[in-house]
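Engineer: Input sequences plus hints: build the corresponding full structure.
There are 2 protein chains.
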Amino acid sequence: MARTSHRNRIYDDYLGRIQRGEIGPDDRLIDTAIAAELGVSRMPVREALMKLAHEGYLVGTTRGFKLPDLSHREILDIFEIRRLLEPRAAAAAAEALDAATLDAMARAVSDAASTLDSGDITLFFRASEAFRNAWLGAVPNAALRETIQRYLSQVQAVRLATMRDPDAHRVIIEGLQALLDGFRRRDVLATQDRMLRFVMAAEMTYQKLAPGNDA
Amino acid sequence: MARTSHRNRIYDDYLGRIQRGEIGPDDRLIDTAIAAELGVSRMPVREALMKLAHEGYLVGTTRGFKLPDLSHREILDIFEIRRLLEPRAAAAAAEALDAATLDAMARAVSDAASTLDSGDITLFFRASEAFRNAWLGAVPNAALRETIQRYLSQVQAVRLATMRDPDAHRVIIEGLQALLDGFRRRDVLATQDRMLRFVMAAEMTYQKLAPGNDA
DNA sequence: TCTGCCAGAATCGTATACTATAATAAAGTC
DNA sequence: GACTTTATTATAGTATACGATTCTGGCAGA
Numbered sequence: 001m002a003r004t005s006h007r008n009r010i011y012d013d014y015l016g017r018i019q020r021g022e023i024g025p026d027d028r029l030i031d032t033a034i035a036a037e038l039g040v041s042r043m044p045v046r047e048a049l050m051k052l053a054h055e056g057y058l059v060g061t062t063r064g065f066k067l068p069d070l071s072h073r074e075i076l077d078i079f080e081i082r083r084l085l086e087p088r089a090a091a092a093a094a095e096a097l098d099a100a101t102l103d104a105m106a107r108a109v110s111d112a113a114s115t116l117d118s119g120d121i122t123l124f125f126r127a128s129e130a131f132r133n134a135w136l137g138a139v140p141n142a143a144l145r146e147t148i149q150r151y152l153s154q155v156q157a158v159r160l161a162t163m164r165d166p167d168a169h170r171v172i173i174e175g176l177q178a179l180l181d182g183f184r185r186r187d188v189l190a191t192q193d194r195m196l197r198f199v200m201a202a203e204m205t206y207q208k209l210a211p212g213n214d215a
Numbered sequence: 001m002a003r004t005s006h007r008n009r010i011y012d013d014y015l016g017r018i019q020r021g022e023i024g025p026d027d028r029l030i031d032t033a034i035a036a037e038l039g040v041s042r043m044p045v046r047e048a049l050m051k052l053a054h055e056g057y058l059v060g061t062t063r064g065f066k067l068p069d070l071s072h073r074e075i076l077d078i079f080e081i082r083r084l085l086e087p088r089a090a091a092a093a094a095e096a097l098d099a100a101t102l103d104a105m106a107r108a109v110s111d112a113a114s115t116l117d118s119g120d121i122t123l124f125f126r127a128s129e130a131f132r133n134a135w136l137g138a139v140p141n142a143a144l145r146e147t148i149q150r151y152l153s154q155v156q157a158v159r160l161a162t163m164r165d166p167d168a169h170r171v172i173i174e175g176l177q178a179l180l181d182g183f184r185r186r187d188v189l190a191t192q193d194r195m196l197r198f199v200m201a202a203e204m205t206y207q208k209l210a211p212g213n214d215a
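Quick note, the sequences are listed as chains F and G, same order. My numbering applies: residue 1 is where the first sequence begins, and numbers increase by one. My numbering applies: residue 1 is where the second sequence begins, and numbers increase by one.
In short, the hints are calculated from the structure, not lab data. Not one of these hints is a red herring.
Any copy, or any two copies together, can satisfy a pair, since identical chains are not distinguished.
Listed next, the in silico DMTMM-like pairs over lysine to aspartate or glutamate satisfying Cα-Cα at most 25 Å (straight line):
no., residue 1, residue 2
1, K208, E129
2, K208, E174
3, K208, D120
4, K208, D193
5, K66, E129
Structural biologist: Here it is in structure tokens:
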């Protein structure tokens, strides 16, 4: 009867929670616990969590699944990939974005800008995520979009590490505003350049604020 | 006792088979059949195959797992990603390659070149795969390496579609020779350029020989 | 001969149960 | 009081079983 399986519903559910930042770095996702909560057996939960792990959104430990804690090196390695992919993806999205999505992006940017005064970290997180998901959703190359999405954990880790620094906060918001302007004008080249600058700014900020160098 | 789980052993086993081209486009991988063959239950086999599917090496159908049959569009989309990533990755590998790996690559290229006369398609396939795995193994950025490896299915599909054309065959071997020269001389910029040319040559050849346009 | 339906078989999704293993807590020793 | 060793327990891994679903092939009727 079910139009989709338990496994897929649970997968969608937890992917959404991860994207919205509802899973903390210390949370442990245990199949039996989730299964009991949902009134199903371990297996569909286990399979959903393993799928998230195979896609990089979680890592399995001997004691439950948790968010990956990326090392300094891994974060820098992924920055290298993002520098290569995201400018091109953003440029392609600039040609494809529709008005409704642009409006949503404008709202996200103004939400984010408002947190410069309010210091509302949660809103800033949500607005950044909304902006990113909006333009990514408009990338016509599905494979490219999915590859970029898989680095969600890195984006969130960087955000977490840099968010509380006022300078970084300001730099990011200026970057978002510049990007929004490029997207709005459907200026492919400007968008490409600005996305590269945006990623590189994030990288430099991260390097400055990074918590030493772990494994 | 087992140093690793059944699941992981089966995963490694079948990933190897896929890489070596031992799984045909019409083969169906059925968990119960493999389980019976190995003397284990369905579950570890099922989980191994699902992991391969989550990583893009297989797709699940209602009747077993099989190789993904990428559409024309998907193949072109992945070419766009490869154009962005592989030149940079090859350039980084050029700095890191050791002598033994270079020797292995030289052997792969000469094996591949020998098939111009012999027409030994299997050897050409194996040699191309060996060359690719060799330089990819030397890419220092692990995340980049893994992302590129995930497009194995596309590489194989393109190889399959272009391999039998004599012109394409020759173009590929010339590209391999040019790449080998770049790698050998540890010439980062030349390697980067040549890898871009190599990928673009494959793309153009594929477009010329491509089997129409399916879904 | 073609088309639609039905029965059977193959395979998937899920449930439950058991074992193995690794983290944690507890107990003992120096 | 710190360090080692031994229970305890939580959780992962695997096995087995069964109902649900979806192909497949044959049969009936047009």
